[in-house]
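Trainee: For reference, the chains in residue letters:
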Amino acid sequence: MSIRVVPNGFELDGELLGLFSGSVQYWRLERSLWGPILDNVRQMGFRVIETYIPWDVHETQPEQFDFGASDPQKDVGAFLDLCHERGLRVLVRPGPHINAELRDFGFPRRVLADPDVQARTAQGTLAVYHFPFKPFPVPSYASPKLFSSFHSFMQALAPVLIDRIYPRGSIVGIQADNELSYFFRISAYDLDYSPWAVKQYQAFLAQRYSTIENLNCAYRSAYGSFSEIQPPTEFDGKTPDRLPYHLDWAHYKEHQLIEALRRLAEMFRACGLGALPVFQNYPGPYTNVPNDLPYRTPFAVAKTEQYLDVVGVDSYPLREDYEVLKQSVQYVVGSSRLPYIPEFGAGAVSWRRPPHIEEHEFATLALLMHGIKAINFYMIVDRDRWLGSPVTVNNRIRQPEYGLYQRFNQLVEDIDFLHLKRESQLLLLASRDYERLASATALLPTPSRSLFNFKIAELYLCEDDLGLGDRVALDHYLLWKYLYAGLTHAGFTFDLSDTDALTVERLAAYPAVVVPSFAFMSRDAQAVLRQFAEAGGTLVLGPRCPLMDDSMWEYQDLAQHLKRPVERIKSGRLDFDLPVRQVDVFDAAPLLSLDGRAAAYRVPLGRGAIVHFGFLPDAPADPSSAELGRRLLAAAGIAPCSPSSNKRVEMVWHSGGGRRILFVCNPTAERQTTTLTLDDSRRLLDRWGTDHRSAATQHNLALDPYTIKIWEVLK
Amino acid sequence: MIDENLVMLDMDPRQFRCLYDLAVPLQKPRRIFLLHDNGHVVKAYDTERGLRPDLKSPIADPESRAREIFDAEQGVFEVLILERSAVRHYFGALQATYTPAESADEYFDRAFRARGNYPGRIVKYPPHFPGLQYLGINWEDARAFLRQYIPPDSFLLFVAFDGDQVWMSWIIGLSGGRVTRVACSDAITDLDASLPEWRKRYRELIEACNKQLGPVSLGLFTDRDTVVQMVTAANKGGQFLRSMKEGRIIADPVPEGLKGKYQVWLGRCVA
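Heads up: the sequence lines are chains R and C, in that order. Remember, this note's numbering sits 50 above the position in the first sequence when you count from 1. Remember, this note's numbering sits 17 above the position in the second sequence when you count from 1.
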C-alpha cells in the first residue's frame, strides 16, 4: 500500500488522485452538521478535503488532550471517519503553526509565553506579530523546546490519525507547519537572534565551510572557531570582501526554515505517520503577504523538496493581481515536483474585501491556464473570521459560489485536465545569489509595510554598487522584471524558478534557460548552467559574465567560455531602438548591436550554446519589451508559440491524450479583440461557456476584461 | 474594546464588499518616500513615477524638505521622509514595550502614535500621525461612546436597504463592554435577505436579533443613498445628524442614556 507524489497529484496504489480540494475546519462547525456539510462538499464535486488540527484547541491543559472525549466538536477521528464514509480523502495540517485567524495562530498560549521558545529581534526584544485581535510574541523555529512541546501533542494525536491513513481511512497527506516564514517577517536583520538560532547559524556555517580556515578565507577574517561568529544585525558591507558574511546570514534564514521542516517531517515519521507524503505551503514569494518584497529568499522550494515531498506556495489574489498569481503558478511549475497551491483564497478573512465571483472565476481559471496541477480552495466552508465560502457554517448553500465549484470540478473531468501538459518553451531563472544580496542589503525591516503602509518592492532595494560594478540588488530585480515582461508580451509560454538547488535534470526539460548574471555567481549555479548548455541547451545570460564565486574570490567557470568586453558604454540605443545603459560591447559577431558593435553574441558550447547580452534595458517593463525577448530567444531557435495577434491577449496550449486545449486570457481592464491563427482549419469547442466556433483557420475573438476562455481545438 | 476572542460569523460577502468598496478607494493615493542615513538619501520613490533620482539630494531639514516636495509635486497625498536608524529604533522600542496584558487596541493605538515620537527623523507631510481609528473614528472616542451610552451586554444593529433588499448590515455584539461578535443579517434571516416595506417592518429584524442572538440596544435603519452620502461627506457626523433630522434614518431602539445626545457625541468625533 503506498501513496506516491507524481507531477499531477498523488498516486494511491497506482491510481491517480487529483488534488483539487477544499478546506473544512471541523472544530468550528456544529458536530451535528459535519455529515450534511461534507455531503454538500461532495456535491460540489470535491473528492479531497483539507483540515487543520489545531494544537491549542486539542491540548486543553499542558499534557491534557481532548480529541472528542469531553467536547464532541473536537472529535477529529469521528470527522475523518465521516469523510471516509463519503469517499472523501483528507489532507491534515496539525501545525504547530496554523494561523486560521485563530488566537495565537493555534499555539497554546503557554508555549508562546515561554522564554525558551520565543524568537528575538536584532535588538534583543521579543518579535511581536501584529495580529489584529491580539499581538503575540512569535516562536523561534530553532528552539528545541518548541519542538519537544509540539512532539508531545503529536504523540497524543498520532494514534487518532494512524488508523485513519489510506487505505484503512481517509488521510492521504500531512502538512508540516503552515506558511513557515518567521511569521512573515522575512527581512534579514529582523529575526531570529534567539540563542538557539545563533547556535544553529554557527552550525550552518560549520556545515557550509567544513573548516574555520575555509570560512576565514571567504570572510577575510581570523576567527578561531565557528562559535565565535555572531550574526550581523545590520548591513555594514561596503566592499565585495565583506559581502559573504552578510550573504551567509541571508542564506541561513533559508536554512532555518528548511531545517525546521525537515525536523517536523522526521517527527511525523517517528510518530508512525511515515506513510503520508509531507508537504508545506510557503506564503511567498507571491502571496499577498510578502509579494511587495522583491526577492524569493528565504523561501527555497526546490531545496526544501530535498526533505519534503511537495512544497507549494499560497495565493490570495484579486484579479488586479493577475501577474502575481501567474508568477506564483509559473514558479511552482518550474520549481516543484507537483505544482500545487495549498491555499487558494475562496472567500476572504473577515476584514478584507472578498472577491466578486467573477474575480474568483478568473483567478481560478488562470491557475489552470498557467499549469497548476493541485489546488486547495481555502475555505470551502465558512467559519469564524472568514466569509464568502460556498457553504455557510449552518450548511446553507451560497450561490453563485457553490455553482462555480461544481462547474470547475466538472471541467477538470471533462477535459481530463490532470493528463494534459502545458506546452512550456523555456525557463526564466532568478538568481538566488543576488536575491540574498537584496535581502542582506534591504533598506527597511519587513514590519515597516504594515505600520507605514509600504507595499512597494523597489523601496527595499539597495542602490549602491558595493564595488560590484552594478547596483546588483536593484538591477537584478529590474532586469528580471523586464525579461519577464519581454517574454510574456512576445508570446512565449515559460516557467519560472531560481538558482536555488539547481540541477541539470531540472533544466533538461527546457530547450532554453534565461538568467540574469552579474559580477559573481555561486560555483554550483555556474557549473549547472554550463552543463545545461554543454548538454544541448541554450543558455541566455547577461549583462555580466560572472568572474567571482559567492565568496567573492575569482572563479571563472562560465567566464572561460565567454568573451570579455572591449568597452563599457554608459548608455545608447540598440539596433532595434531599445534604450540601454551600462553596455558592454564585445569583439564578436553581433546578435544585437549598438552603433554596429556587438552588445550581444552567441558562442557554441558542447552540443548547445550561450547567448550573452551585455546591457541593462533602460525602458519600462511594458509591451515594448517584447522585441528584446523575441530577439534573444530567436538566437536559441525558439519562436513565440502564442497564436494571438494581440499580445495583450495571452494564449497557452495544453495537450495530452490526443487532445489540445487552448486557454485564451484577457488579463486587462479593457475589452480586447484578437485574431487566433491556427495551422489548419479547426473547430473550437468551448469547454467553459457556450462560445463554440465552426471550423476555420482564423478565428476573430472578443474578450471582456478579466476573462478566460477555454477551447478544445478539434478537427 | 475588541475582544481577543471576537467571533466574526455569518458575514455576507456581498454586503461586506458594499461597505469596503464605499470606504476604501480603489485608486491608491500618490505618495513620495525618501529614505536617508544622516541626510544622505538612499532611496527616493514616487508611487506614481517610480524611482526618483532627482529627489536624492542630501537632506538638511527633513520637515522643510517634505513640505517643499509636497508643494512642488502635483497631486501628492503625502510625503514621508524616514531616517532608517529611526525606523529601526521605532520597531525595537515598540516590541521592547510589548506586554501580554495589553489589548490589541491599546497596542496598535500606541504603535501608530509612536510614529510621531521621532520629530525630524520620522517625518510626514502633511504632519499628522493619528492613533488607531475605526472607519475614521478615533479608537478612544469609539470606546468612550460604548462605555458611556451602550449597555455592556447587548447588540447594535445597523441595516441599510436598497429597495427591499438588505444592502448592508452590521450586527455588533457586546459582552462586558467589549465587542465579542460581528455578523450581518445572515445571522438572523435568510441569505440575500429582503424586507419589503422595511420602514414599516424593520422591527421584525430587531425581534429576530433579540430572539436569536440577544437584546438589541441600538438599532439604526436607513437606505443605501443615505449611507453613501454619509460615507462620502466631508463632515460625516454632520451628514448623519442631517439624515436623522430628515427622518432618513430610523433609530429604534435607542439606549436611555443616549437619547438626545447624538449631537454631543458626534460633535466630539467631528472635533
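Please keep in mind that the hints were generated in silico from the structure rather than gathered at the bench. Given the structure is predicted, the values throughout are model-derived calculations rather than measurements. It cannot be assumed that every hint is accurate.
Said to hold, decoys possible - Derived DSS-like pairs: lysine-lysine, alpha-carbon spacing no greater than 27 Å straight-line: (1) C:Lys-276 / R:Lys-531; (2) R:Lys-620 / C:Lys-73; (3) R:Lys-184 / R:Lys-288.
Claimed, not checked - Just the calculated beta-carbon pair ranges, DEER-fashion: (4) C:Pro-272 / R:Ala-208: 50 to 56 Å; (5) C:Gln-44 / R:Asp-754: 50 to 56 Å; (6) R:Gly-174 / C:Ser-120: 22 to 28 Å; (7) C:Asp-158 / R:Asp-291: 53 to 59 Å.
What the hints assert, rightly or not - Now the stretches of chain R that chain C is said to cover, found in silico as 3 or more residues with beta-carbon under 8 Å: (8) 182-188; (9) 403-417; (10) 441-448; (11) 489-495.
Beta carbons: idealized from backbone N, C-alpha and C, even for Gly.
Trainee: A separate judgement is required for each hint: does it hold in the structure or not?
Mentor: Now the hints, each set against the structure:
A distance of roughly 60 Å separates the Cα atoms of C:Lys-276 and R:Lys-531; the hinted pair therefore is violated under the 27 Å criterion. Proximity of R:Lys-620 to C:Lys-73 is assessed by CA-CA distance (about 20 Å); at most 27 Å being required, the pair is judged to hold. Under the criterion of a C-alpha separation no larger than 27 Å, the hint pairing R:Lys-184 with R:Lys-288 is inconsistent with the structure, at around 40 Å. Between C:Pro-272 and R:Ala-208 the CB atoms are about 53 Å apart, so this pair conforms to the stated range of 50 to 56 Å.
For C:Gln-44 and R:Asp-754, the hinted distance range of 50 to 56 Å is not satisfied, since their beta carbons lie about 22 Å from each other. Restraint check, R:Gly-174 to C:Ser-120: a C-beta distance of roughly 25 Å satisfies the suggested window 22 to 28 Å. Between C:Asp-158 and R:Asp-291 the Cβ separation comes to about 56 Å, which falls inside the hinted range of 53 to 59 Å. Coverage of the stretch 182-188 of chain R by chain C holds in this model, with 6 residues showing a Cβ closer than 8 Å to a Cβ of that chain against a need of three.
For the stretch 403-417 of chain R, the proposed coverage by chain C is satisfied: 3 residues have a C-beta within less than 8 Å of a C-beta in that chain, meeting the threshold of three. Coverage of the stretch 441-448 of chain R by chain C holds [criterion: at least 3 residues with CB-CB distance below 8 Å; count 4]. Taking a C-beta to C-beta cut-off of 8 Å, the stretch 489-495 of chain R contributes 3 residues in contact with chain C, enough for the three needed, and the coverage statement holds.
Comparing the model with each numbered hint stated earlier shows that hints 1, 3 and 5 do not hold.
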